[in-house]
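A.B. asks: Full structure from sequences and hints, please.
There are 2 protein chains.
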Amino acid sequence: MIPIHEALQQVLKQRSTYGTEKISLLEAKGRFLAEDIFTDRDAPPFDRVMMDGIAIQHKDLDEPPAASYKVQGIQAAGSPQLSLQEETYCLEIMTGAILPHQADTIIPYEEVEIKEGRAYIQAAKLAKRFIHYKGSDSKKGELILSKGKKITAADIGLLATVGKSTVSVAKLPKVAIISTGDELVEVDQEPQAHQIRKSNAYTLWAGLMEEGITGKLYHINDDKEALRQSLAALLEEFDVLLLSGGVSKGKFDHIPEILHELGVKKIFHRVAQRPGKPFWFGAHQSLNTKVFAYPGNPVSTYVNHFYYFQQWLYASLGKDMALSRVELAQSIPSNPALALFVSVRLDPKSGAAKALNHNGSGDLFSLAQTEGFVLLPARGTDYMPGEKVDFLALK
Amino acid sequence: MIPIHEALQQVLKQRSTYGTEKISLLEAKGRFLAEDIFTDRDAPPFDRVMMDGIAIQHKDLDEPPAASYKVQGIQAAGSPQLSLQEETYCLEIMTGAILPHQADTIIPYEEVEIKEGRAYIQAAKLAKRFIHYKGSDSKKGELILSKGKKITAADIGLLATVGKSTVSVAKLPKVAIISTGDELVEVDQEPQAHQIRKSNAYTLWAGLMEEGITGKLYHINDDKEALRQSLAALLEEFDVLLLSGGVSKGKFDHIPEILHELGVKKIFHRVAQRPGKPFWFGAHQSLNTKVFAYPGNPVSTYVNHFYYFQQWLYASLGKDMALSRVELAQSIPSNPALALFVSVRLDPKSGAAKALNHNGSGDLFSLAQTEGFVLLPARGTDYMPGEKVDFLALK
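Protein chains in written order, with the UniProt record's numbering: chain A, 1 to 395; chain B, 1 to 395.
Watch out, some of these pointers could steer you wrong.
[Stated by the list, open to error] Here are a few chain B residues that face chain A, going by a calculated C-beta distance under 10 Å:
{"hint": "1", "residue": "H132"}
{"hint": "2", "residue": "S136"}
{"hint": "3", "residue": "V162"}
{"hint": "4", "residue": "L184"}
{"hint": "5", "residue": "Q192"}
{"hint": "6", "residue": "M209"}
{"hint": "7", "residue": "D253"}
{"hint": "8", "residue": "P256"}
{"hint": "9", "residue": "F268"}
{"hint": "10", "residue": "F306"}
{"hint": "11", "residue": "R325"}
{"hint": "12", "residue": "V326"}
{"hint": "13", "residue": "A352"}
{"hint": "14", "residue": "L356"}
{"hint": "15", "residue": "T370"}
{"hint": "16", "residue": "E371"}
In short, the hints are calculated from the structure, not lab data.
Just so it is clear, CB atoms sit at the ideal spot from N, CA and C, and this is done for glycine as well.
C.D. replies: Right, dumping it as structure tokens:
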């Protein structure tokens with residue numbers, strides 16, 4: 001049994017890369033950038049008008065402007081740049097338009113009256129307001145998004161702005177989700193008294209979908225030969241195997257032994273945590289297949305997957321995942337030997353975490369009530385209200 | 001101009017429903033439940049063995065057990081329930097198995113030695129450990145997930161457990177994303193000096209995708225007749241129009257006027273907030289089409305969409321969205337007249353929010369650096385370190 005921080009370190013050490021691919025911008029949300037992104041123009045790309053009104057040439061800002069200007073025409077957004085033909089002329093200008101040649105001052109409609117082709121200025125004082133100058137946000141060639149970043153909706157807008165209709169992203173690993181256990185039946189089956197329906201496989205499937213990965217579902221019965229043959233084939237075909245069930249010490253829990261025979265090196269088995277202690281993690285050295293074997297309990301599978309696999313995935317494809325932090329709303333008993341994942345709800349006003357279940361075990365249905373899990377590392381003294389701890393939000 | 005809380009209230013008042021549909025469990029993550037979900041069996045559905053070992057009939061827990069028991073056979077997980085044939089017999093049992101008839105006590109392998117068909121007990125003290133009793137988590141017919149809940153990966157597992165291979169969810173609205181502005185060109189085009197590429201439309205598209213909605217993209221030029229014809233058709237075809245640009249006061253910003261002519265009732269225009277002040281919101285009374293018209297600035301569009309539309313969507317399909325709360329890491333100047341959306345990063349240790357940009361405006365590229373926005377309601381006194389405020393995490 002190893003401590004949780006060591007288990008995580010071992011898992012992260014097994015980070016791997018799966019190449020890159022070019023995909024359409026419309027598919028890129030949630031993927032990890034495989035290229036640095038630079039601006040291809042100054043931003044804004046021209047002296048951009050920020051208000052609707054008129055543009056004049058004013059030059060000396062201390063002197064009051066002429067009382068009125070002849071309206072020469074309109075500089076609309078999206079129209080090529082016009083020029084003021086005379087110092088006593090103005091152009092009506094629209095938000096988003098390029099500032100006309102010769103013009104240096106915008107007067108918004110609120111401070112102008114336009115009558116019979118002339119604009120009468122009603123502003124007491126002028127200044128170079130309402131012009132968003134070329135390059136004032138960023139210069140051409142600036143780095144705006146770095147390789148490894150997980151692409152947000154806002155980033156999609158940035159990528160569009162710099163003309164990336166396709167973008168290079170990290171390829172996703174191929175993942176098999178393997179349920180084991182003869183007591184399991186399909187979701188649409190009516191279980192007999194001693195049977196239960198599969199559930200972990202679907203939770204894992206949905207968790208992978210969230211990351212853009214379409215997992216492939218398999219079920220293998222508790223038969224040594226069937227397990228050996230299936231696992232041998234799956235180790236060849238996939239980059240990652242997610243197993244649920246079959247890692248405790250029973251007669252029919254052959255999986256660690258078979259994985260060993262098939263060349264998967266055990267990196268650790270059993271972590272000093274609750275729930276999820278019997279977690280088994282290994283890797284096939286020549287095939288480079290990673291094996292996350294979760295204990296069969298749904299809450300155990302859940303926390304192990306969203307803690308270990310999720311961090312492994314982020315580290316593999318891009319940057320390390322930043323766990324969010326929350327404040328504890330109450331004291332929670334610690335465990336001197338085990339790290340605890342404690343099911344919590346967040347107070348709507350303070351955002352602080354209240355435990356639903358102190359002892360860090362918890363059944364399947366408690367997952368329906370929880371908003372996530374706080375991670376309380378092993379220690380001798382209880383956790384106190386106001387302490388900041390890691391938080392795994394329910395996905 | 002109305003205050004932000006009133007704007008939100010008006011938006012939420014326009015919540016609407018779009019019917020329900022049955023979909024596969026595999027597609028249900030992130031959708032909103034349109035039915036209450038009950039357990040169809042006790043959980044666990046039988047007295048479930050929690051350890052590998054042997055099962056005996058012990059009856060009186062104060063008395064030490066027989067020194068050894070004849071091994072009658074194996075009760076595997078997924079096998080129908082066996083019976084202990086004699087009081088001096090035991091059954092080997094596996095995690096997940098049903099507790100055999102007559103048996104009442106589990107002794108794990110760690111406390112047993114099995115030799116020549118007999119099990120020798122090495123435990124000093126026994127108890128009814130390691131049995132997860134039928135119905136101890138929940139009884140058949142219990143409500144586990146309520147109508148209106150947004151389905152998480154954990155919920156997918158719960159739905160599987162109770163046999164929901166298909167699930168009834170709220171239908172999603174049909175959404176059109178309409179960019180306007182003659183200065184905009186497509187992402188894959190090389191803009192001329194006075195042009196910029198479309199970006200807001202793609203940010204909105206990605207934001208909708210996150211909610212399972214495939215938005216349809218349109219662009220309409222700044223031509224009154226083209227706008228009128230296109231908007232008339234789109235109001236008929238869609239449940240929601242998201243417009244970006246075209247709601248300030250310029251000569252070519254015809255949209256509010258045209259929407260009015262087409263029967264869309266303006267609910268408000270301009271909100272006391274920064275950025276995003278010129279937000280326009282309306283609804284067509286007979287067609288029931290909602291119109292969110294965002295100002296063209298990318299940060300304005302972003303905060304308005306993820307604040308107003310997102311909350312409207314959750315309220316329409318399920319339950320009101322709970323904004324998360326964060327603590328401020330520093331003081332931030334308030335504005336007595338305007339609510340501010342301030343771009344922040346979260347401290348990795350404390351989780352507290354540090355402002356990237358105090359004044360609540362911000363350019364497109366600042367979106368690349370931000371982790372989200374804190375919402376600081378209008379008030380006369382500055383915000384202080386330690387205050388808890390609403391937080392919009394970047395999606």
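A.B. asks: Look at each hint and say if it fits the structure.
C.D. replies: Going down the list of hints, with the structure as the test:
{"no.": "1", "hint": "H132", "result": "8 Å, holds"}
{"no.": "2", "hint": "S136", "result": "8 Å, holds"}
{"no.": "3", "hint": "V162", "result": "8 Å, holds"}
{"no.": "4", "hint": "L184", "result": "7 Å, holds"}
{"no.": "5", "hint": "Q192", "result": "7 Å, holds"}
{"no.": "6", "hint": "M209", "result": "6 Å, holds"}
{"no.": "7", "hint": "D253", "result": "7 Å, holds"}
{"no.": "8", "hint": "P256", "result": "13 Å, violated"}
{"no.": "9", "hint": "F268", "result": "20 Å, violated"}
{"no.": "10", "hint": "F306", "result": "8 Å, holds"}
{"no.": "11", "hint": "R325", "result": "3 Å, holds"}
{"no.": "12", "hint": "V326", "result": "6 Å, holds"}
{"no.": "13", "hint": "A352", "result": "9 Å, holds"}
{"no.": "14", "hint": "L356", "result": "13 Å, violated"}
{"no.": "15", "hint": "T370", "result": "8 Å, holds"}
{"no.": "16", "hint": "E371", "result": "9 Å, holds"}
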